[in-house]
Amino acid sequence: MNAIDTAIRAAAASITVKGLTKAYDPQTVVIPPMDVELKAGEFTVVLGPSGCGKSTLLQMIAGLERVSGGKILIGTREVQDLEPKHRGCAMVFQNYALYPHMTVFENMAYSLKVAGMAKAERAERVAAVAKMLGLADYLHRKPGQLSGGQRQRVAIGRAIVREPGVLLFDEPLSNLDAQLRHDMRVELADLHRRIGATTVFVTHDQVEAMTLADRILILNKGRIEQFDTPKAIYHHPASVFVAKFIGAPPMNILPVTGDGSALRLADGQVVAHAPLTGAFQLGIRPEDIVVDGKADGHAVKAALRFREDLGSHSVLAADLGGSIVRIATPFGADIADRLELLLNFPTSRLHLFDAATGRAIPGAQ
Amino acid sequence: MTSESTLFSNRWLPVLLVSPFMLLIVLFFYVPIFQAFYWSFFLEQPFGGGSMFVGFDNFARVLSDREFWQAGWRTIIFMVTASSLAVLIPLILAVAADRKIRLSLPARNVLVWPKGVAGASIGVVFAFVFNPFVGLLAPLNKAFPGIWAPGIDGTDAFITLIAAHVWSGIPFNFVILLAGLQSIPRTMHQAAAMDGAGPWRRIFDVQLPLIMPQLFLTLVLEFTESITSAFALIDTITHGGPGGATTLLVYKIYKDGFSGYDLSGASTQTAILMVFVILLTAAQFVFLGRRINYER
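If you're matching them up, the sequences are chains E and Z in order. For reference, each letter of the first sequence is one residue, going 20 to 384 in the numbering used here. For reference, each letter of the second sequence is one residue, going 3 to 298 in the numbering used here.
Please keep in mind that the hints were generated in silico from the structure rather than gathered at the bench. Take these hints with a grain of salt, some might be off.
As the list claims (entries may be wrong) - Below, in silico cross-link-like pairs of lysine to aspartate or glutamate (EDC-like), each with a Cα-Cα straight-line distance of 20 Å or less: (1) E/Lys250 to E/Glu306; (2) E/Lys58 to E/Asp24; (3) Z/Lys257 to Z/Glu69; (4) E/Lys138 to Z/Asp207; (5) E/Lys161 to Z/Asp207; (6) Z/Lys102 to E/Glu84; (7) E/Lys37 to E/Asp100; (8) E/Lys104 to Z/Asp207; (9) E/Lys132 to Z/Asp207.
This structure is a prediction, so every number in the text was calculated from the model and none was measured.
Assemble the whole structure, with the sequences as input and the hints as a guide.
Printed below as a string of structure tokens:
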């Protein structure tokens, strides 16, 4: 651990959002009043489909977008009316936004120069960060002479060289190809473990969210759907939206009706016993469905439509009472030439959601 | 490299398509220029009727003429001040328009209109605008009699010329510079703001370096343009006066050649001016052009 790591760990500040709203006019409300607290040193991923307000939230924290109402606290300081430079945040942009006319060194040193830091100290600080990110050999190059991954690292270096209390990422991996994205994800996780900066990372990629986050904040139309650890979000989704957004392939959602003793599918087959009455949405993850085997649930019949062989496992699509369910099954299951499947939904793996609101029904799993 | 044959089936077709334009520039540019260079080595009869080879006599005569050097010196002063202002003022306007300050949208349109006005018309308008009796500065003369007198004072006349030239140069340079500024990605501004740079600092650290190609282009064009296009303004506003104070080289060439019938002298000066412009432009490319980063 060197001086930079320690300094950033010490500077890490919490972010508290109180009643924060963003509206361009009364009709276009991007973010209705939002309350959330991100702990110091925590890696939070803000996840949601495009247009859910996640970038707007990030830009409001950064100070690049005005807030329409409410408060943002970094540490104990109210910052919503401060200029970006007085907030102690640093940001990594989607397209990196490196200064093309400056060398890697100048890019990283620019904020220190603007802040009036002495030249020798600047050089020392940049050298330390460059070493940490493996950029020491590229300091004299211009961004145009670097690869995508290297540019990404320069952008990260430019952000952490200031030892910011808060590190903001705006979809930083979406411009990279698949392999590089995977590598950078590992690097980012490793970096966070070392420097421990409070990090807010915006993405629409659930894999990035699951692998990087301490906690995931899922946004839908500016509202918080769920804010929890990746594990909790995966195993206990708070709503149909979350259930469908996380997981590949996503969770199966089937309409069911409770008759007071059992939950029935649209075609009348019983999937589970429960003392419930009314319409519900039943969720089950593709990998939790057991084909042919014995489990603690009820067996239902489904018609196989097609299968995708992914090598490590196969994904089957079957028609169950008019809805398509996806089943992830270990490679080699002898189902290739059958048209009818016997599916078993283990009761412990079922998720039940309100038919109208889509919210999870507590204790029903 | 793709060969032309993939674009044109007939090899003479491209030649045919280019020929009208080639004919024009050969007829109205290369032939007269060649003629000027040729005449600069001959003593030409003013009303036609043969010429006599005199070697470098014309050059010796022109270069020892005090008036030539004065006109040359004025040309350089005009070139430097007028071109700098003709780039600087549009630059300021473009930065303001790019910031989306109030009224920048109508201003953007209004600023482009002068492009449609011919040099001579601009001259006539500015002769009126700067008229000491009825022009914009007339009230100043009422308060301090004689303070603005372009008809008598050479400096005032020179200022009038520069103002007219700069005004006519605004639209083109403004459009080019604004286009350059607007092509800078928004995140670049945001990144600089996150790095702590305020709006003024961003102009010098981010915007200006990134529009260097556009600034270079406008500057090169302005430098050459200021030497030649001043003619229309001089001819309509000052006629080279008062006392030769606004006689730039182009105007002197015209007067010597077409009023004084010194065709050889005028040709020689044309040749000299031509070489000067070529050298100047080459120097700009060598010293400035190489440092410019065209990469975004």
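Restraint status (C-alpha distance of E/Lys161 to Z/Asp207 at most 20 Å):
holds, 16 Å
20 Å limit on alpha-carbon distance, applied to hinted pair E/Lys104 and Z/Asp207:
holds, 16 Å
Given the hinted pair E/Lys37 and E/Asp100, is their Cα-Cα distance within 20 Å?
Within the cut-off at roughly 14 Å; holds.
Pair hint outcome, E/Lys132 versus Z/Asp207 [Cα-Cα no greater than 20 Å]
holds, 11 Å
Can you confirm whether the C-alpha distance between E/Lys58 and E/Asp24 stays at or below 20 Å?
holds, 18 Å
Within 20 Å, alpha carbon to alpha carbon, are E/Lys138 and Z/Asp207?
Given pair E/Lys138, Z/Asp207 holds - Cα atoms ~17 Å apart, limit 20 Å.
Z/Lys257 paired with Z/Glu69 [C-alpha distance capped at 20 Å]
holds, 12 Å
Restraint check for E/Lys250 with E/Glu306, where alpha carbons must lie at most 20 Å apart:
Holds. E/Lys250 to E/Glu306 sits at ~16 Å (cutoff 20 Å).
Holds or violated: Z/Lys102 to E/Glu84, with C-alpha atoms at most 20 Å apart
Status holds; Cα separation ~16 Å.
Hint compliance for this structure: no hint is broken.
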